[in-house]
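Number of protein chains: 2
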Amino acid sequence: MAKNLPQGTNKMPEVLGQALSGLPDRWKNWVIRGIFTMIMISGFCLIIYGGPLALMVTALAVQVKCFQEIISIGYSVYRIHGLPWFRSLSWYFLLTSNYFFYGENLVDYFGVAVSRVDSLRFLVKYHRFLSFCLYCIGFVWFVLSLVKKYYMKQFSLFAWTHVALLIVVTQSYLIIQNIFEGLIWFIVPVSMIVCNDVMAYMFGFFFGRTPLIQLSPKKTWEGFIGGGFATVIFGLLASYFLCQFQFFVCPIEYSETEGRMMIECEPSYLFRPQEYNIALFGASKTITMYPFLLHSLSMSIFSSVIGPFGGFFASGFKRAFKIKDFGDMIPGHGGIMDRFDCQFLMATFVNVYISSFIRYASPQKLLNMVYNLKPEEQLQLFNQLKDSLEERNIINLN
Amino acid sequence: MAKNLPQGTNKMPEVLGQALSGLPDRWKNWVIRGIFTMIMISGFCLIIYGGPLALMVTALAVQVKCFQEIISIGYSVYRIHGLPWFRSLSWYFLLTSNYFFYGENLVDYFGVAVSRVDSLRFLVKYHRFLSFCLYCIGFVWFVLSLVKKYYMKQFSLFAWTHVALLIVVTQSYLIIQNIFEGLIWFIVPVSMIVCNDVMAYMFGFFFGRTPLIQLSPKKTWEGFIGGGFATVIFGLLASYFLCQFQFFVCPIEYSETEGRMMIECEPSYLFRPQEYNIALFGASKTITMYPFLLHSLSMSIFSSVIGPFGGFFASGFKRAFKIKDFGDMIPGHGGIMDRFDCQFLMATFVNVYISSFIRYASPQKLLNMVYNLKPEEQLQLFNQLKDSLEERNIINLN
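Sequences listed follow chains A and B, in order.
Just so you know, the first sequence maps onto residues 1 to 398 in the working numbering.
Just so you know, the second sequence maps onto residues 1 to 398 in the working numbering.
For the record, the hints were derived by calculation from the structure and aren't laboratory data.
All of these numbers come straight from a predicted model, not from anything done at the bench.
Since the list gives no way to pick out one identical chain from another, each pair is judged satisfied if it fits inside one copy or across any two copies.
Here are the simulated DSS-like pairs of lysine-lysine, each with C-alpha atoms no more than 30 Å apart in a straight line:
id, residue 1, residue 2
1, 148, 218
2, 65, 218
3, 148, 324
4, 218, 149
5, 324, 153
6, 149, 322
7, 65, 324
8, 153, 65
9, 218, 322
10, 153, 218
11, 28, 322
Whenever a hint applies, use it, and build me the whole structure from the sequences.
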């Protein structure tokens with residue numbers, strides 16, 4: 001089977017190959033990996049500089065490429081020669097689910113603006129219904145495309161496509177949501193994973209002795225622990241630095257008056273220095289720091305303890321289907337999916353973390369929802385709220 | 001492979017077997033199927049009589065049984081003898097996702113009540129975070145349980161489990177949501193699918209000539225069309241009947257004062273007769289009917305046009321893995337999954353339909369969200385709402 005599957009090659013630009021021809025293989029790979037890590041990190045910084053829209057477009061592009069890599073493996077595993085419509089169907093499902101998920105985001109943030117244009121209002125109002133219709137078309141199309149003798153392959157690929165969508169599309173939707181909360185919620189976790197990857201590789205390369213897990217023979221305990229510590233320290237430094245700029249800490253909001261996305265706000269208390277009293281051996285000390293640093297700590301611990309399991313999972317998957325890498329886009333690294341395997345789990349963590357610990361229903365958002373009710377319902381709600389507040393002695397109108 | 005897979009047998013109670021021994025096989029199956037259809041329909045009515053809680057428990061039981069049937073097939077296909085932990089892992093993921101989805105419902109409806117009990121408050125507040133932690137445990141457990149030589153089987157079953165969860169758990173979550181909107185939104189669609197199944201079978205049995213689709217050789221165009229018409233008529237009659245009872249049309253709300261679920265309301269205009277002017281051939285006529293009947297029409301059209309594709313999909317799946325039925329729980333019918341294959345798609349349709357065309361934010365739900373704010377925020381919201389209402393001359397408190 002292996003020979004049909006796309007194999008990540010250690011292909012490298014020719015110039016580099018010649019320059020490094022004197023080095024032993026182990027070091028050659030080290031240098032190449034290093035160079036392309038630098039290139040990717042610089043690219044990442046450039047995209048951040050480009051602002052939230054550039055980031056979202058990048059997230060979309062990465063998502064599509066990851067999907068393509070996963071699906072290609074499915075094609076090869078099940079040898080789809082002769083399977084009718086299969087490629088079109090996978091891409092159709094990708095489109096549909098992106099329409100649904102990105103739409104849900106846009107409805108939340110730009111709903112009011114889009115509704116202004118009469119011809120687009122139905123897109124907002126019936127977004128779920130339209131998405132569901134699109135999905136149904138794909139579903140019916142799949143059933144009609146079923147061909148005797150291929151049933152099992154077709155169903156397997158159907159499942160394969162859906163699992164890929166579950167991993168890739170839903171997570172990239174969560175990533176976009178994180179970006180809207182403020183760029184810091186995107187940059188810090190992403191760079192933590194990158195830092196953990198790089199530092200675990202470095203510590204492993206120089207000090208690695210004890211194998212960590214059977215799945216990935218190259219991973220060592222030394223790399224795991226060293227990478228973990230490096231990530232925690234890096235996370236605190238990066239957070240401390242980013243906390244000081246509105247551009248990173250403010251949520252992204254669509255300004256109706258300006259007609260564009262804005263990153264401007266009075267930073268929330270998370271990003272303003274606060275005093276903490278710490279009792280240590282009986283002596284009490286006051287330290288001043290950004291509350292966000294504590295959240296940064298939780299994120300870095302997650303990214304260095306649970307994060308690597310995303311990588312192990314991907315390694316296991318590659319072994320299961322006997323491939324070396326998901327692709328060969330990035331010399332020394334493999335495919336896009338090889339670099340983003342841990343990012344997906346992390347994105348979900350950050351999203352859940354924000355919704356559980358950071359974002360509380362804001363009174364303003366609720367009030368907007370109340371104003372969408374009919375006047376008599378607003379009145380009814382008002383009276384009930386008044387009674388309840390009086391009962392609890394929070395107000396006294398008489 | 002086929003002999004390892006669970007085969008739906010045409011097992012039947014012995015008494016019945018003897019009584020029907022004179023009939024040809026075709027009719028024997030007809031009678032048995034008929035008897036067990038009656039039994040199931042009566043059971044369904046009994047459960048409805050038992051009220052919303054009984055319905056929810058039933059939905060949960062059906063979900064678990066369906067999951068078990070799908071997973072068992074996976075076990076047999078991939079012959080899991082010796083695969084470590086696999087059964088426990090699938091059930092663990094079922095538990096986790098149920099905890100997440102049912103919790104999301106409960107938080108919406110009973111959040112305020114649960115928050116009263118101090119020791120349970122964190123369950124509401126950190127629901128998503130707790131669910132995600134549970135999922136991460138399962139994920140890490142899976143990675144650690146990976147064993148050389150079994151990688152491919154383990155990953156395939158992992159995907160299999162997740163697709164089963166996607167089909168079974170998420171949909172049963174949508175069903176519970178539909179029940180909360182009012183029993184009619186559950187009973188009408190479910191019985192439409194049943195009616196369509198039964199009538200398509202009957203029309204096919206008596207008049208079937210023209211094969212409909214290669215996948216299910218027993219299905220005919222006569223059954224498809226006859227079943228469709230019967231479903232539309234049945235749907236209108238059933239809706240007309242149910243519209244008259246508060247028990248069926250009122251949303252289910254948790255009453256704090258009573259401490260239990262209540263089905264009492266002023267029926268919304270959907271369930272009160274309205275006058276419609278219809279212009280037909282120049283002559284205009286006024287007819288009076290429940291607006292819900294129009295929605296019933298959309299649902300019956302969906303259930304008779306797209307609904308059967310759920311069944312075709314299941315047939316294809318059974319053929320792909322060379323099994324006759326998903327199980328053998330119901331004589332003449334097969335497994336639970338054989339009877340519920342079309343219900344899942346329908347549940348999603350109804351849910352999306354309600355959220356797109358029916359449900360507008362209800363004052364009660366918003367009020368619950370307001371009560372979850374801090375007291376001072378409640379006060380702030382109250383004052384802003386008061387100012388706005390006064391400004392618009394809706395109230396005058398002075």
